[in-house]
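Trainee: Sequence:
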Amino acid sequence: MSDASQGLRLYNTLTRTKEDFVPIDPLNVRMYVCGPTVYDFAHIGNARPVIVFDVLFRLLRHLYGQTHVTYVRNITDVDDKINARALRDFGGEIASGTLSLNEAIRRVTEKTAGQFHSDVAVLGCLAPTVEPRATEFVEPRADGKVDMITLIQSLIERGHAYVAAGEVLFDTASMPDYGQLSKRNLDEQQAGARVAVDAHKKNPGDFVLWKLSSPEEPGWNSPWGRGRPGWHIECSAMSAAYLGEVFDIHGGGLDLIFPHHENEIAQSRCAHGTEMMANIWMHNGFLQVEGQKMSKSLGNFYSINELLETETFGGRKWPGEVLRLAMLMTHYREPIDFSVRKLEEAENTLRKWKRGADLAPTAAGQVPVEIIDALSDDLATYATFQVLTQLAGEAMDGNDAAASLKASLLFLGFDVASAKVDEGHVGKAIAKRLAFIAAKNWAEADRIRDDLLAQGIQLKDGKDPVTGERITTWEVKR
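Read in order, the letters of the sequence shown are residues 194 to 671 in the numbering used here.
Keep in mind that the hints are not guaranteed to be accurate.
Distance ranges between label pairs, derived from CB positions [to be verified]: (1) Pro-528 - Gly-290: 26 to 32 angstroms; (2) Asp-273 - Gln-651: 19 to 25 angstroms; (3) Glu-286 - Pro-452: 52 to 58 angstroms; (4) Glu-527 - Gly-290: 34 to 40 angstroms; (5) Glu-587 - Ser-293: 41 to 47 angstroms; (6) Arg-534 - Gly-352: 31 to 37 angstroms; (7) Glu-527 - Asp-593: 21 to 27 angstroms; (8) Glu-303 - Val-659: 16 to 22 angstroms; (9) His-261 - Ala-392: 49 to 55 angstroms; (10) Asn-498 - Gly-284: 41 to 47 angstroms; (11) His-393 - Gly-258: 49 to 55 angstroms; (12) Gly-661 - Gly-492: 29 to 35 angstroms; (13) Gln-259 - Pro-333: 42 to 48 angstroms.
Heads up, simulated EDC-like pairs for lysine to aspartate or glutamate below, C-alpha to C-alpha not over 20 angstroms straight-line [as the list claims (entries may be wrong)]: (14) Lys-545 - Glu-616; (15) Lys-510 - Glu-538; (16) Lys-535 - Asp-643; (17) Lys-489 - Glu-538; (18) Lys-625 - Asp-615; (19) Lys-545 - Glu-499; (20) Lys-486 - Asp-448; (21) Lys-535 - Asp-639; (22) Lys-510 - Asp-530.
Derived by calculation from the structure, the hints in this document are not laboratory data.
The beta-carbon is built from N, C-alpha and C at its ideal position, and this holds for glycine as well.
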């Protein structure tokens, strides 16, 4: 392997170009990624940014040192659906003062947040450095960290927000370059189809920072009355609390560019008087399921937990590392078609890599520079996986490639335990193949045989000596 290396380059949505990454402080590289809203179990689309930015987190730690990277991923537990559930389940305790609103919401969200943590751990993702909850940053804090109410007050004082009809609204006209991230300008945001227009707004694009709560709704005390924050102000507060007014990387899904990230930028820059919020903005592409948009109405809406624990997709459960690889086989900025065929391809590829890694000594070797160089080119996972496949082939010849392959798989978040054969899976595949043979569907029968061979499973057809029926035996081939 070559000793050459290159610097990290990342695609910046803000500039629409791939840029050299130059951290503000190499001893404290800072990244913020929008996390889940925990009113329900996370779906497979939610898994993509978690996996993508986990790879970036691992790469940054490799390049700058594990103790020199701070990764913040929030938990959004301020949401009208969550608040309604808290009021329904704990309204009496909240009213009597025996339970605070924060405590009630935490009880509601504890199960879904816990399931999220369990699911993404099975996907091979590291825990972020810090995982703040929105409810902990609504009111001024004893530790002096940035909070939402104080941020909103600052925006009003600086002339970027106003109070109208019981709401505090951000004044988009007060920011001349509003819309840089999404490339939308204020002139395009006229009253009409895509922007709700309310009589109390100065401009159609003005958005809510604070809204009042009725006596029946959960809320926090504020200078503008008892209420609750708008969606966008949460991330502005939590990112500033742990990463400062300007930080290195902000990530999330493509669907968050507008309005969420655009409005985060507006709030943060105007509240702090800075030219930037984050220097680089990264967004992963959309996800479809078997060529269709994922939706409950189409019956193709899957939670991460369903794929891991039930046989609802492709008639079987899927290991977390297979889901992880399937997500990474498509470049993070491209749309992905999540399909059974893609999962099968990922599973077969992972088996080949593991067979090579099995030949390594107990200790893993070094991650090859080619792996780091590929990932340093805007997380070019396809090129990365080509190197892994090359190493797997070389490992069979008994050289040091197996140790490098083992180290690389560990680095990328994959389990390097011995590649064990799932006998149940093989048995089901053989049964399907025999059914295809009986139906004279030779193409599908051959496909199953070839798929198993790619997994290191060689089939041998014969006849039962007693009944004369066709039988199939199998053995593992390295």
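Trainee: Holds or violated: Lys-486 and Asp-448, Cα atoms, limit 20 angstroms.
Mentor: holds (13 angstroms)
Trainee: If you draw a straight line from the CA of Lys-535 to the CA of Asp-639, is it 20 angstroms or shorter?
Mentor: Cα-Cα ~18 angstroms, so holds.
Trainee: Has the given pair, Lys-535 with Asp-643, been kept, meaning a C-alpha gap of at most 20 angstroms?
Mentor: Holds. Lys-535 to Asp-643 sits at ~16 angstroms (cutoff 20 angstroms).
Trainee: Evaluate the given range 19 to 25 angstroms for the C-beta pair formed by Asp-273 and Gln-651.
Mentor: Taking Cβ atoms as reference, Asp-273 and Gln-651 lie about 57 angstroms apart, which means the hint is violated.
Trainee: Does the Cβ-Cβ separation between His-261 and Ala-392 fall within 49 to 55 angstroms?
Mentor: holds (51 angstroms)
Trainee: Falls inside 41 to 47 angstroms, the C-beta gap from Asn-498 to Gly-284?
Mentor: violated (29 angstroms)
Trainee: Do the alpha carbons of Lys-510 and Asp-530 lie within 20 angstroms of each other, as the hint requires?
Mentor: holds (19 angstroms)
Trainee: Go ahead and decide if the range 29 to 35 angstroms is satisfied by the Cβ distance of Gly-661 to Gly-492.
Mentor: Given a distance of about 44 angstroms, which is not inside 29 to 35 angstroms, the answer is violated.
Trainee: Does the Cβ pair Glu-587, Ser-293 satisfy 41 to 47 angstroms?
Mentor: About 60 angstroms separates the Cβ atoms of Glu-587 and Ser-293, which means 41 to 47 angstroms is violated.
Trainee: Within 20 angstroms, alpha carbon to alpha carbon, are Lys-545 and Glu-616?
Mentor: holds (17 angstroms)
Trainee: Tell me if the straight-line CA distance from Lys-510 to Glu-538 falls inside 20 angstroms.
Mentor: holds (15 angstroms)
Trainee: Next pair to validate is Lys-489 with Glu-538; report whether the Cα-Cα distance is within 20 angstroms.
Mentor: violated (26 angstroms)
Violated hints, in rising order: 1, 2, 3, 4, 5, 6, 7, 8, 10, 12, 13, 17, 19; the structure is consistent with all others.
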